[in-house]
Amino acid sequence: MPSVSSLEDASSALAAANAEGRTLRIGDDMTTEGLHRLLEHEAGDLTCTVEAGVRLSTLQAALEPYGQRLSLDPPGDPTIGALLAENVSGPLRHRFGAPRDLVLGVTLVLADGTVASSGGKVVKNVAGYDLARLVCGSQGRLALIARASFRLHPTPQAAQTIAIETDDAAGVVGALRSSPLQPSALDVLHPGGVLVLFEGSPRAVAAQIAAARGPVGGVEVGLDAWDASRRRQEESRGRLRFDPGRLGETLADLDEAVVRPAAGVAYTPGDTVSQGHDPAVAALVERIRLAFDPNGVLAA
Amino acid sequence: MSLPATFADELRRALGREHVITEPEQLRVYECDGLTGHRAVPELVALPDSTEEVQLIVRACNRERVPFVARGAGTGLSGGATPIAGGVVISLARMNRILEIDLASERIVVEPGVANLDVTRAVEGDGFFYAPDPSSQQVCTIGGNVAENSGGAHCLKNGFTVHHVTGLTFVLPDGEVVELGGKALDPDGPDLLGVVVGSEGTLGIATRITLRIVRVPEAVRTLLAAFDTTDAAGAAVSGIVGAGILPAAIEMMDRLTIEAAELAVAPGYPEGAGAVLLVELDGVAAQVEEDAAHVERICVGGGAFEVRTAATELARALLWKGRKSAFAAMGRVATDYYVQDGVVPRTRLPEVLRRIAELSEAHGLRVGNVFHAGDGNLHPLVLYDAERGETEAARVLAEEILDACLEAGGSLTGEHGVGMDKACSMPRMFSERDLAVFERLRRAFDLEGLCNPGKVIPTPRLCGEVPGPYRVHPLERIGVAERL
Chain A
1 MPSVSSLEDA SSALAAANAE GRTLRIGDDM TTEGLHRLLE HEAGDLTCTV EAGVRLSTLQ
61 AALEPYGQRL SLDPPGDPTI GALLAENVSG PLRHRFGAPR DLVLGVTLVL ADGTVASSGG
121 KVVKNVAGYD LARLVCGSQG RLALIARASF RLHPTPQAAQ TIAIETDDAA GVVGALRSSP
181 LQPSALDVLH PGGVLVLFEG SPRAVAAQIA AARGPVGGVE VGLDAWDASR RRQEESRGRL
241 RFDPGRLGET LADLDEAVVR PAAGVAYTPG DTVSQGHDPA VAALVERIRL AFDPNGVLAA
Chain B
301 MSLPATFADE LRRALGREHV ITEPEQLRVY ECDGLTGHRA VPELVALPDS TEEVQLIVRA
361 CNRERVPFVA RGAGTGLSGG ATPIAGGVVI SLARMNRILE IDLASERIVV EPGVANLDVT
421 RAVEGDGFFY APDPSSQQVC TIGGNVAENS GGAHCLKNGF TVHHVTGLTF VLPDGEVVEL
481 GGKALDPDGP DLLGVVVGSE GTLGIATRIT LRIVRVPEAV RTLLAAFDTT DAAGAAVSGI
541 VGAGILPAAI EMMDRLTIEA AELAVAPGYP EGAGAVLLVE LDGVAAQVEE DAAHVERICV
601 GGGAFEVRTA ATELARALLW KGRKSAFAAM GRVATDYYVQ DGVVPRTRLP EVLRRIAELS
661 EAHGLRVGNV FHAGDGNLHP LVLYDAERGE TEAARVLAEE ILDACLEAGG SLTGEHGVGM
721 DKACSMPRMF SERDLAVFER LRRAFDLEGL CNPGKVIPTP RLCGEVPGPY RVHPLERIGV
781 AERL
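Sequence lines, in order, name chains A and B. According to this note's numbering, the first sequence is numbered sequentially starting from 1. According to this note's numbering, the second sequence is numbered sequentially starting from 301.
No lab work stands behind these hints: they were computed from the structure. It is possible that some hints are incorrect.
[Said to hold, decoys possible] Output of the computed footprint for chain A on chain B, the stretches with three or more beta carbons under 8 Å from beta carbons of chain A:
1) 475-483
2) 642-649
3) 740-746
Backbone N, C-alpha and C define an ideal beta-carbon position, used for all residues, glycine too.
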């Protein structure tokens, strides 16, 4: 599998495919393993810039000595490019958002070889169109993502999980969400379980755990409890989106799922029935795709 | 450019006579937004009351090939709502209804003409608020916030408008209506919400907006620390961030802006302060108390000669009073001022502030600094006197401040937008290739080039044939051989 190892590489490989009328699939026909450098980490700014082939675990390991992290914990260990292209998140989505919420800038290589940057490496920036967000969820069909800058967070001093066994997960989630508590993660492992993660100073975490266990009960468990959630998410084949306020009704219709209640997203083992894609949105996406890749080099 | 007489008649029949303006006297009301130096009189202003009416106007503009500009409250500072001479302005002022409050989903659905603060007012009784808080929040509209991806003092922790918009009904430049997102997050496919929010009215018009609302935190604590110098205050900011604390807001004012605020609203800030830092912490009570004590220690250790803390709403308002009046207070110390909006990486703040002081001295014009120190978003206030012929020098000084921001790896604009104001400056931050890709995206939305033309992307007509010098993009400065 040919890997590109520089922007020039990626640019000439894509430009050649474009000129020869070939199609290719990023991740299969062209990989970014060679784009493996951590380009910058400015600890005082809580930002970093990395090449797209860097694995998330590699980035986290590099940030860890500085007491910082990229607050994303998706299943598996995607490359930064895949993380953005799939816009995939994990339990920490509850508090910190998806890749599209933490990306600050990107450098892209378009199918015709054009190298273009958007955004920057500062946390606050509204200059120009936000191509960094645009490519989130683009599945590699708009451009090759070559490098990206992210906003980081301080690693919390303490983290503690409680697991609640319940046949009324919606009630438990409702009680937690209408309290002043601020969990970092809140998953429903349907049927029967709720996982809650609190992060912060040891004293504040203990206070939140105590305040949570009053109304909803539960037992303290290790952080590895989240692996089950991530594993089930990874094995899921369907993804259902619902109004967060309709959690109870949504769960009642599902046999099994990992659910992020605040996001209104449920990962289900079976294929989920399509939620009626708006043809006008599909047409718009197609126009954008044609503007970026008129010859259809980047295959689905 | 002249509209056919039938155009106004057609819109009057559809919208009602009083909702289509063609009288020159009334049109002048719309000739500029908050960027008052740029003016153009539109040929017609339409005030639609529904998505369907917006669609009808946009389709009519397409048929006649007339450019159109959407407008909210007109408080924008970059000229995003400056009309096109001879074109149409679509004012969303009548679309000011709150359509749905869904507390269980923590969402609110509003029309674009709703004022920012009215969103919070609609839900505060239930213990929620709308987080982005631009300083014009009493009057600026949600539609304008969506167009500009507005920020505010409290965006350091809570994020910007783009983090709080979950769904849009959006009229594309050809009149097609799309539903983007909804109450649930993470729609499939490329992040269209992410690119549309902050596109400065150039990709379409939002007519129905679904927003996240946030539960009011258990505890809020505000600290005001007075330092001798901005360097010392800046070092304290680094100390706070380095300690792993994420405040809701960190704001800084320098000596000149403190003096102006004292003259204007007498907030009673510590006498003799060369810099004042405002730090606001919110969240669960145990964490906030701990962090507040920590922040106080860092400030005192960093040379703060006075620290005040406030926990009640009233005491907090007092501490914020000087900061909130800072722009308006400039009228007390200068006849005219220009507000710049630049961003630098937080760690580069001290050197950029020193550079601004040098530039100020070189041009013989005073510069007040009030800024969002937590995210490196500077708002230097360039003071001048137009009657003494200082306007051009002030403009040059403001431009040079922007250069200093870009040289430090920052951005042309943190929250005011590019609009007309900075379109010709874009080549200083982006290469021709970057801009060409922006243009490709824009054409995918707006094939005919009718939707807020002349904004964001520089055009030869506006900027002359020769773009300004391109400076290396911060992303390509890092590493090797970047620009192909």
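Hints, verified against the model:
no. : hint    : verdict
1   : 475-483 : holds (count 7)
2   : 642-649 : holds (count 5)
3   : 740-746 : holds (count 6)
Consistency note: the structure conflicts with none of the earlier hints.
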